[in-house]
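**Student:** Below, each chain spelled out in residue letters.
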Amino acid sequence: MDMKRDYYEDVKLFKSGTILFWSAVLLIFLFTLPIYLPSYNIYLLNIIMVNVILAVGLNILVGYTGQISLGHAGFFAIGAYGTSLIMMHLHLPFVAAIILAALIAAFFGFIIGLPALRLEGPYLAIATLGFGLTIMHIIGRWDVFGGRMGITAPPLDMGIPGSAFSYVVQGDVKIYYVILIITVLLVIAARNMMKTRVGRAFMSIRDDDIAAEVMGVNLTIYKTMSFAVSAFYAGVAGGLYGFVVGFFDPFTFNLILSIIFLVMITVGGLGSIMGAIMGAMLITYLQYDLLKNVENLPYLGGLLTMVSKKWFTMIGLANFSSIALGLIMIAIVIFEPLGMFGIWIRMKKYWKTWPF
Amino acid sequence: MFEMLLIEGIAIGACYGLFGVAVAIIYKTSDVINFAQGEMGMVATFVAYHILTVYNVPFWIAFPATLVFAILLGMAIEFCFLRPAKDPTVLGLLIITLGAEMLLMGLAGWKWGAEQKDFPFLLSVTKTHEIMPGLLINEWTIGVFTLTIIIMISLFLFFRYSKLGIAMRATQQNVNAAKIMGIKVERVFSITWAMSSLIGAIAAMFFAARSVLDPNFMMEPFMRAFAAAVLGGLTSIPGVVIGGLIMGITENFFGYAWPEWKPIVAFVVIILIITVRPSGLFSKHYVKKV
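Residue numbers (the working numbering), protein chains in the order written: chain A, 1 to 356; chain B, 1 to 290.
Just chain A, same shape as in the assembly (with noise of 0.2 Å):
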């Protein structure tokens, strides 16, 4: 069923008619959903889609390369702050401000990777944490990035700002279609870069780094590049973000989120695209708007209520959505090493068999 009998088979986007048709369905309806949901629920797709482009990016470099990174929150913060300062200052497109902002954390991502040569492990894990700290400080420091009091994001414009080329796209439903368009197209660049030369040497560097070098892997740019491509895609998800949101500060991009980013390529499937799309969905889906108003879920709400009162506080109960997601975090490693990804593949199998 999975055989391939040639190269091209092997790397093309679309294995069969049938996913070609149904992929062809999910974009149409993907495309036409603003018409069916209210608003709020288009602004917690912007949401979802820039998460899914931060997980993609971030999968690669976790789960294709295998190198650890606490540090992403870093180079979404630049992607934004580095989005929303380059329009306001440079009077520049949107389209030029975001690939500028993506290719300065882009370049970030390289100097990271640099060091990231020789570190594995939990010494990996402290640089790229250290770097994440670092630039949350630095913006919170210097008055250009506007200091503790954060930024508000200048008008959506796709053609020059303050000029006659001046083509504001506003509201949710519009900025929905900006991301969505950039996200498709991210998920697919990514999917076909995972099958070329590329992606196997990150797949080889991840499975054992000295045999990949024997084979003729040149470790140290393709791990620069793996941190590189990773941080171009936070930096994208960053720019987007800013225009989601409208206003953010450095206290945003703290070290909680770089581990929600973790939490959702992890609880999604590690080393997968689809995996990385469907954790971030879910993560981005109990944080935004699920385990907000906890007191309001059937069923558990009124149970929580009550064993608030009775052992907690009322006013801490906001905290059992961290508790929730710390929860699934440890049973997804316990029970499902290989995340939602491994649950799809498990019943795509038992049905492609049935009834045997």
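Treat the hints with caution; some may be incorrect.
Quick list of in silico lysine-lysine cross-link-like pairs, DSSO-like style, CA-CA up to 27 Å [as the list claims (entries may be wrong)]:
1. A:Lys309 <-> B:Lys117
2. B:Lys179 <-> B:Lys163
3. A:Lys309 <-> B:Lys86
4. A:Lys310 <-> B:Lys86
5. B:Lys117 <-> A:Lys292
6. B:Lys86 <-> A:Lys349
7. A:Lys292 <-> B:Lys111
Worth flagging that the hints you see were computed from the coordinates, not collected in a lab.
Note that the structure is a prediction, hence the values are computed from the model and not measured.
Guided by the hints, dock chain B onto chain A, whose structure is given.
**Tutor:** Below, chain B without anything else, positioned relative to chain A:
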């Protein structure tokens, strides 16, 4: 001024070192980086606070009660979260401890709320004694020095001479060989977590006495202590303490010169040093066999 800054730096550094040792003990035995260490200490400190303020018992009862709680907490986390994971990867273990961190932080926030509290510690930062003419040292600093020295010496003796300490070192070197030699590896892990949680709780109470008590208060000290442990080399306990001292002194002097950059100077130093010496200053560089 110079001596004051130096002593203050050494005191904070010793505290970082103590907390770093808690991280290093677990890493030494089971190759797990415990990101929940800070929050374990935080919860223990909150329990001490709860015992002290709600039940109004004297400090010399509350302190041992908290230490017992810390031991149980460490064992419980190892038993419930790490033991069930079968053949976990490095990243998987990291995710488990990060999950435990979020869990504990959420629980503490739920129980005690986010507002900042003063931790009524036995040794105060403001009461000073003049031990030498012109040299004022506060009680807190004296406490940290005494405790760090006691814990270091007892750890050294424990790992060097006791049967359990030797079993722990054996487990670290090769889990399977240790099992064959009749060491109950799981029990060793459990005891390791208990010890680490205990030391972490003591250090966390010292940190709480210096700053304020809220569910996030251990984040920064934990990261500094972890960075200090990495700086000294996670596998060598004296190295970790020296790393902590370097960290504390550097931070204190830089903090005096450029107060606004204090939080990141330490990290920049760490990144530079581990780029040059990837396994830290005092541990032997691990050579991978193919």
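**Student:** Give a verdict on every hint.
**Tutor:** Consistency of the hints with the structure:
{"no.": "1", "hint": "A:Lys309 <-> B:Lys117", "in the structure": "holds (21 Å)"}
{"no.": "2", "hint": "B:Lys179 <-> B:Lys163", "in the structure": "holds (15 Å)"}
{"no.": "3", "hint": "A:Lys309 <-> B:Lys86", "in the structure": "violated (38 Å)"}
{"no.": "4", "hint": "A:Lys310 <-> B:Lys86", "in the structure": "violated (37 Å)"}
{"no.": "5", "hint": "B:Lys117 <-> A:Lys292", "in the structure": "holds (26 Å)"}
{"no.": "6", "hint": "B:Lys86 <-> A:Lys349", "in the structure": "holds (23 Å)"}
{"no.": "7", "hint": "A:Lys292 <-> B:Lys111", "in the structure": "holds (18 Å)"}
Violated hints for the displayed structure, listed by number in ascending order: 3, 4.
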